[in-house]
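Asks: This is what each chain is made of:
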Amino acid sequence: MWLFALPALLINVCIILIPAVLTLGAALFFWDGVGTPVWAGLANFQGLIDDPVFWSALTNNFIWTAIFLVIPMCLALVMAAALMVVPHSRIVVQSIIFLPRILAAAITGRIFQGMIFSPATGLLGWLNGHGLAIADPLADPDRSLYAVAAVDIWHWWGFLAVVFFAAMRQISIDQIEAARLDGAGFFALLRYVLLPGIRPTLALMMILTVIWSFQVFDFIYIVTQGGPAYGSEVLATYAYRHAFFAGDVGKATAAACVMSLFGLGATAMYLWLQSRDGAQAA
Amino acid sequence: MTESRLNRTLCLALIGVASFASLLPIVLAVMNALKTTVEISTNPLAPPGRLHWENFTSAWKDAALGPSLLHSVDLAGLTIILVCVTAAPCAYVLARQKGRGWRFLTFYFMASITVPVQLYLYPLYFIFAKLGLVNSIPAVALIYTAMFSPFSIFLLRTYVLSIPYALEEASEVDGATAWQKFFYVILPMMRPGLLTVAIIVGLNAWNEFVVAVTFLQNNDNLTAIVKFYGLTGQFSTDWGEMLAAAVTIALPVVLVFVLLQRRFIDGMTAGAVKS
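Residue numbers (this note's numbering), protein chains in the order written: chain P, 2 to 283; chain E, 0 to 274.
Any given hint could turn out to be false.
Claimed, not checked - Ranges between beta-carbon positions, derived for each pair: (1) Trp59/E - Val71/P: 55 to 65 Å; (2) Phe188/P - Pro187/E: 42 to 52 Å; (3) Leu272/P - Val37/E: 40 to 50 Å; (4) Arg91/P - Asp219/E: 20 to 30 Å; (5) Lys97/E - Asp52/P: 42 to 52 Å; (6) Leu5/E - Ser90/P: 14 to 24 Å.
As the list claims (entries may be wrong) - Example chain E residues on the side facing chain P (calculated, C-beta under 7 Å, incomplete): (7) Thr8; (8) Leu13; (9) Thr35; (10) Tyr91; (11) Met109; (12) Ser111; (13) Ile142; (14) Phe182; (15) Tyr183; (16) Val184; (17) Ile224; (18) Thr268.
The hints are simulated quantities; they were obtained by calculation from the structure and are not laboratory data. Backbone N, C-alpha and C define an ideal beta-carbon position, used for all residues, glycine too.
Sequences are here, hints too, so could you generate the full structure?
Replies: Now the structure itself:
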């Protein structure tokens with residue numbers, strides 16, 4: 002019977018588990034990727050602590066997490082509830098808001114650079130020419146992170162709305178009808194019937210949001226490469242830059258360990274919540 | 000339906016605004032892919048006057064889209080095959096076997112879903128470089144298989160769980176071995192699940208960025224996404240051509256999505272709703 006699981010397990014162990022363990026080990030060495038690794042102890046982690054860019058990257062990961070726990074969640078919940086209330090052309094609407102999710106990050110990133118943010122060819126440039134002066138946020142270290150977050154929100158929130166809508170449809174119709182007969186308005190319905198009804202899904206998506214927010218890489222690397230002036234640097238772009246451009250694999254793997262720690266924390270919290278809920282249900 | 004008129008109108012307005020916001024960048028991209036750079040910078044919101052299809056022909060040539068799209072097809076195809084072949088039998092035993100070891104294996108695959116690429120990317124790159132596996136499409140397909148198969152295993156597992164055990168018992172009476180049961184009873188019933196897995200794995204492989212950009216650096220084997228990424232940047236000048244390339248690369252994905260949207264949406268939202 003083990004033979005059935007062996008190929009999948011073998012590939013997984015070779016590609017993910019062994020290199021992941023090696024990452025933990027590599028964080029304890031000085032290594033430029035070419036020469037002989039030299040024992041470093043915790044010096045790479047000390048190097049992170051002494052590096053202000055590491056701290057601003059970590060802060061940006063926290064900002065990113067906060068943004069994604071609030072904005073796409075609220076948008077998606079309200080949208081899903083609206084789809085519950087108005088049944089018109091649900092399938093078409095779901096497909097439209099889901100569409101951004103299937104486009105590649107590289108393509109979406111470039112489209113936003115050229116068509117939305119660019120002062121020469123984009124929507125912002127057009128607004129600038131029509132009396133609404135907004136400077137290019139991608140060129141501003143204080144705003145570039147938010148601009149990239151906006152791109153990722155566009156990519157992500159519709160998917161989330163479709164997930165929440167699918168979960169809401171499993172709530173019994175009687176419950177919804179009863180709330181309406183009691184005169185519940187849109188937000189009362191959302192707050193007292195729909196939200197509690199999708200609690201497990203909501204909890205899962207929030208945990209996943211935390212995990213993914215500490216891993217975020219694609220959109221930032223594609224749109225700003227962490228710049229300008231490290232304004233949108235996060236741990237993943239920080240680690241990538243150190244591994245492949247600064248020749249400091251030790252520091253890169255140390256940063257990767259820190260990143261994973263936050264994901265691990267979120268996963269542990271989720272498992273704890275689940276076992277607690279399970280204990281309550283039993 | 001006793002929903003108040005005002006509420007319904009507000010909901011409709013919200014849905015309208017949301018759909019508009021989701022479509023706007025896509026519409027702008029398609030529209031401006033047919034315009035000259037001068038036309039784009041004059042007014043990006045204006046529909047194209049004359050349709051400049053030559054953007055597409057020059058994008059096809061400059062971005063070497065022919066070969067790079069072919070590499071993307073190779074990579075996605077190989078990944079789909081590897082994932083289906085390895086995940087299907089694994090899903091079968093994880094659904095049917097009980098006991099400590101199997102529970103641990105399930106937990107292991109579950110945990111590997113949440114492991115960030117960055118935690119294994121760097122050693123993997125230097126190992127692959129030593130083994131001469133950098134710039135190899137099959138090697139990248141192997142990495143994708145590891146990345147995408149845990150999710151596929153859990154999706155297929157739910158399909159196996161929905162197959163009545165009586166069917167297997169019947170074939171046991173006829174003296175079928177475990178492999179025969181898998182091939183002749185389980186696999187045919189798993190087919191819709193395998194199609195969903197193929198679509199989602201194919202989409203992910205087509206769009207994947209960080210592994211592709213790290214492991215494929217040779218101009219002869221770049222995927223369309225990596226090629227596109229390398230040719231364009233914040234300071235690109237020929238946006239018409241760039242957008243034409245973007246539209247070309249995204250078109251196959253969008254076409255499959257339009258044809259099989261139910262499967263896309265159900266497959267991608269699966270784990271989140273039922274857990």
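Asks: Failing hints, ascending?
Replies: The structure breaks hints 1, 3, 4, 7, 9, 11, 14, 15 and 16; every other hint is satisfied.
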